[in-house]
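Q: The task is simple: from the sequences and hints, build the whole structure.
In the numbering used here, the protein residues as written are 6 to 254.
If you're looking for bench data, these hints aren't it; they were derived computationally from the structure. These figures come from a predicted structure and were not determined experimentally. Hints should not be assumed to be uniformly reliable.
Unchecked claim - Derived Cβ-Cβ restraints for the label pairs, each shown as a range: (1) G161 <-> P83: 50 to 60 Å; (2) A212 <-> R236: 39 to 49 Å; (3) T220 <-> I86: 24 to 34 Å; (4) D225 <-> D99: 32 to 42 Å; (5) E193 <-> P83: 34 to 44 Å; (6) L164 <-> D238: 22 to 32 Å; (7) Y119 <-> T237: 23 to 33 Å; (8) T220 <-> A125: 42 to 52 Å; (9) A230 <-> G36: 29 to 39 Å; (10) E26 <-> V180: 18 to 28 Å.
C-beta atoms are modelled at their ideal positions from N, C-alpha and C, and glycine is treated no differently.
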Amino acid sequence: MRGLGGLRNVVRQELVSRQLEEQIAGRFPVGQRLRVLDVGMGQGTQALRLARAGHTVTGLESDPAMVAAARAELAGEPEGIRERVRLIQGEGMDTGVHFKPGAFDVVLCHGVMYVRDRDALLAGLARMLAPGGLLSLLVRNGDALALRPGRAGDWGEALAAFDGSSYTNRLGLTVRADRLGDLTRMLEGIAAPLHAWYGVRVFTDAADDGAEPPTGAELDRLFAAEERAGRTDPYRSVAALLHLCGVRG
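A: In structure tokens form, the structure reads like this:
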């Protein structure tokens with residue numbers, strides 16, 4: 006779990022990775038080397054995991070510090086993995102400049118909460134997919150915005166969150182939140198209708214920023230509980246994050 010930080014990020018990355026692996030296994034032939042685009046890749050956690058699995062990955066990230074971190078992580082990988090990864094510093098809205106339509110089998114955008122013009126970005130990402138390709142999105146769950154302030158006893162913030170479409174994250178940034186029904190309609194409109202969705206961080210979202218993950222069997226049990234909750238109603242509906250998977254028609 007090198008480089009993943011505290012408990013909340015460890016849970017996020019591990020669950021998204023497992024869910025993405027499940028969707029890839031169910032959609033593509035075993036052993037097929039996929040062309041993957043990771044938009045807003047951050048430190049490159051998912052990009053590197055997919056490259057280790059044998060896929061060719063292009064990572065696009067606007068933050069130079071994150072690109073540098075991803076390059077540093079990549080430098081520690083064997084040559085066979087390094088040659089499968091291409092890292093580009095750039096904006097998500099520029100995919101049409103860098104790539105041709107239909108150039109990828111899988112497109113990731115796991116930072117939708119930081120996107121201003123969501124519909125335009127995601128429509129552009131859908132165009133990057135080959136027919137039958139997979140679009141993987143991670144969003145802040147707008148249907149559960151009141152949970153975090155409510156658990157903290159901030160009743161004014163909780164009441165405002167019921168009708169809200171943004172929130173202030175733990176970095177102090179005001180970012181977007183999206184509702185499942187709205188996203189379902191939007192994905193239909195960009196010809197990548199929703200195929201599956203999961204909750205991410207049902208139980209651990211309220212953990213302190215400095216909380217470290219457990220180890221050994223206790224970590225395995227934590228992952229098992231979060232993974233089951235993330236695919237089980239009604240638990241997944243109140244997860245902090247939603248992982249949506251659309252398929253290009």
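Q: All hints are to be evaluated individually against the structure, with a verdict given for each.
A: We went through each hint and held it up to the structure:
1. G161 <-> P83: 50 to 60 Å: Roughly 53 Å apart at Cβ, these two residues keep to the hinted range, so it holds.
2. A212 <-> R236: 39 to 49 Å: Given a distance of about 21 Å, which is not inside 39 to 49 Å, the answer is violated.
3. T220 <-> I86: 24 to 34 Å: holds, 26 Å
4. D225 <-> D99: 32 to 42 Å: Holds, since D225 and D99 (Cβ atoms, about 40 Å apart) stay within the stated range.
5. E193 <-> P83: 34 to 44 Å: holds, 42 Å
6. L164 <-> D238: 22 to 32 Å: holds, 25 Å
7. Y119 <-> T237: 23 to 33 Å: holds, 28 Å
8. T220 <-> A125: 42 to 52 Å: At roughly 43 Å between Cβ atoms, A125 and T220 fall inside 42 to 52 Å, so the hint holds.
9. A230 <-> G36: 29 to 39 Å: 32 Å Cβ-Cβ, so the 29 to 39 Å window holds.
10. E26 <-> V180: 18 to 28 Å: Check passed, 27 Å falls within 18 to 28 Å.
Of the numbered hints given earlier, the model fails hint 2 alone.
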